[in-house]
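Chemist: Could you slot chain U onto chain W? The hints should help.
This is what each chain is made of:
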Amino acid sequence: MLQTLSGPCFVASLLIFVVGLLARAVWYVRGLDWRLERVAYAYHRDRSVSGALASIGKWLLPGGTAGWRAQPVAMLAFFLLHFGAVLIPLFLLGHTVLLEETTGISLPSLPPNVADILCIASLAGLGLLVLRRLFSPVLRQLNTWKDWLVLLLTFMPFFTGLMCKFDANAYDTWLLLHVITGELFLVLAPFTKLAHIVLFFMSRAQLGMDYAIKRGGRARGGVFPW
Amino acid sequence: MPIITLRSACAFCCSLLLLVLVATSSQSAESDEILTVSFPAIANPSLPKVIFNHTKHVNYVDEHGSDCSRCHRVTKQGLSTAFSDARLQKAGNQVSYLHQSCTGCHSKSGQGPALVQCRACHVEAASLGANNK
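Just so you know, the sequences run in chain order W and U. Heads up: the first sequence is residues 0 to 225, going by numbering that gives the first Met the number 0. Heads up: the second sequence is residues 0 to 132, going by numbering that gives the first Met the number 0.
Chain W on its own, in the form it takes in the complex:
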């Protein structure tokens, strides 16, 4: 079962993940209004590109925007989670070895201790996000089962992956759960709020272009001063 799950099923999951997220990005652009948005962004390319990059870049930095600085605990939770969420799937030694042996693509790998710390930090970040969702009055109004599903989908690959290392007695069980939950994450990402993996960049780019072109963007020299 593990052979099938980690072979053809993984390839299928990855395909759904990549094609699905690309489709979400295409739909995002097609959803823009051509008169209000697309023409303006294309016409003012000198300001739209720098505006888009500034918006994306500043939101990727902890404390880089007023929006982050206004909610430091949420910021801490987001960044604790996302450092591991981006680095571990791509650069964990076990993952890079599999990638290299199956495709020949060789990536640098994280030192195991660093990967462990990143993983535990991500789990801590997830824990904070769960608490935030339980106790923030605004989020209590907005919560749906889908929000809990997204947190569960994210929690499981981290937790089962960590247990693969720290519970050697049940290694095969944890590994099987890790493969299954990792693939569930990939398959469901395009259809849930996990699509922010690509839509974050789309919407930040759009807002960055918008603010650099419209609403006094010219007077500010083309970059919105977050």
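Honestly, the hints are just simulated from the structure, not real lab data. Heads up, a few of these hints could be off.
[What the hints assert, rightly or not] Which bits of chain W does chain U cover? Going by a derived footprint, with three or more residues having C-beta under 8 Å, they are: (1) 1-8; (2) 77-84; (3) 89-97; (4) 155-168.
[As the list claims (entries may be wrong)] Partner residues aside, some chain U positions facing chain W, computed with beta carbon under 7 Å: (5) Leu97; (6) His98; (7) Gly111; (8) Val115; (9) Arg118.
[Claimed, not checked] Estimated spans, in silico, between C-beta atoms of each pair: (10) U/Lys75 with W/Leu89: 27 to 35 Å; (11) U/Lys75 with W/Gly6: 38 to 46 Å; (12) U/Asp31 with W/Leu89: 34 to 42 Å; (13) U/Ile33 with W/Leu75: 26 to 34 Å; (14) W/Leu89 with U/His53: 47 to 55 Å; (15) W/Leu206 with U/Ala40: 53 to 61 Å.
Quick caveat, the model's predicted, so the values are computed rather than measured. Positions of the beta carbon are idealized from the N, C-alpha and C atoms, including for glycine.
Modeler: Below, chain U without anything else, positioned relative to chain W:
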């Protein structure tokens, strides 16, 4: 809605608990010859060295009409201790060669750990016997 929130949170916690309960396993004591792969020597290995049940491999080769030469080259000093042509590989390619050889044979025979099961072979010496398939 607070009630929905609490119910969802309970479901979240219960599913975690269930997962922990599911993850149990049994250990089996082995009296077979258990060996550690010592070639290539790696200065600061990221994972524990590979430990495997040599007896099981010998039995498998016997049962399938082959002999020691299936895994060991004959040299002037006798059988090489390193696996097959591992010593002939370029330094940067030896680990990959062993990964491919071991898991390739496991895959063909339908027995033994696959490449994805890193820690089925890379086990701490302390937990010997738990994972010698």
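Chemist: Run the structure past the numbered hints and jot down the numbers of the failing ones, going up.
Modeler: 2, 5, 7, 10, 13 and 14
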